[in-house]
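Peer 1: Hey, can you work out the whole structure from these sequences and the hints?
Okay, so the sequence shown: first residue is 260 according to this note's numbering, each after it adds one.
It should be emphasised that the hints constitute simulated quantities derived from the structure, not laboratory data. Where hints are given, some of them may not hold.
Said to hold, decoys possible - Using C-beta positions, here's what the derived DEER-type ranges look like:
#1 Pro312 - Arg336: 28 to 36 Å
#2 Gly375 - Val320: 12 to 20 Å
#3 Glu402 - Glu318: 22 to 30 Å
#4 Glu437 - Gly360: 18 to 26 Å
Note that CB positions come from ideal geometry on N, CA and C, so glycine has one too.
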Amino acid sequence: MELMNSFTVAEPVDRAWAVITDLERVAPCLPGAALLGVEGDDYRGAVKVKVGPVTARYEGVARFAQRDDDKHHAVLRAEGRDTRGQGNAAATIDLRLTPRGTGTEVVVVTDLELAGRVAQFGRGVIADVSGKLIGQFAQRLEEEMGREGRGPFTASGPDAAPADRAPEARRASVDEVEPLDLMATGGGAMLGLIRAQAVPLAVGTLALLVGWLLGRSTGRTRRPSAGGATAAPVVLQLVLPALTPANTTVHDLEGDR
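Peer 2: What follows is the structure, encoded as structure tokens:
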């Protein structure tokens with residue numbers, strides 16, 4: 260999917276370009292992100308994401324695929340993977356800076372590819388979160404630039420959100436970084452998604468309970484069905500395919516019983 264975001268900075272384009280393309284300096288301004296190291300042209304980083312009580316951690320590499328300092332245009336390629344193997348993400352990020360009066364407009368176009376559980380979030384939710392993240396990023400850049408007594412940054416759009424803390428002056432480890440809270444950042448869109456899943460979740464829980472009761476032995480041996488399975492797995496096989504993600508199987512949910 261393609262996402263477009265923009266923000267403005269009250270700095271001359273050359274100075275804004277120098278700061279924004281300094282990934283070591285910019286990394287702490289990205290919510291949930293930490294720079295782990297630099298190896299040649301590769302920047303190794305990590306991002307922590309939180310949804311309710313669940314926290315996921317992505318680790319990956321970003322590098323400049325193109326960079327034109329004269330035209331203030333760059334293309335970055337980033338790839339990351341959930342450390343627990345639950346999904347992966349890749350992005351091509353087109354970054355272009357244009358003078359606007361005494362300031363600079365920054366346009367970011369992201370071609371995003373998602374796989375695994377994170378791909379279950381629809382484009383609307385991701386676009387909503389993306390817009391708010393740009394607001395947080397711009398605010399943190401303002402705080403970073405403010406250390407030198409320079410002008411403010413402003414994000415475009417009504418969903419621009421303020422930063423929750425200032426970036427660290429030193430390179431922070433991933434354990435020190437606060438995770439990106441999608442419930443807080445996604446707002447109504449994320450809450451709506453969770454509400455939409457509430458009914459299937461309740462039905463799924465009921466199906467599991469009924470299946471357990473039907474397959475339960477009460478002082479006598481359970482009789483297998485014609486296919487050799489007990490009643491509980493039969494109920495699971497009938498109901499769960501409509502309630503679970505495509506990459507989850509009945510065996511995953513039954514476990515080693």
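Peer 1: Would you mind marking each hint as holding or not holding in the structure?
Peer 2: Here's how the hints hold up against the structure:
no.	hint	result
1	Pro312 - Arg336: 28 to 36 Å	holds, 33 Å
2	Gly375 - Val320: 12 to 20 Å	holds, 18 Å
3	Glu402 - Glu318: 22 to 30 Å	holds, 26 Å
4	Glu437 - Gly360: 18 to 26 Å	violated, 35 Å
The earlier numbered hint that this structure contradicts is number 4, and it is the only one.
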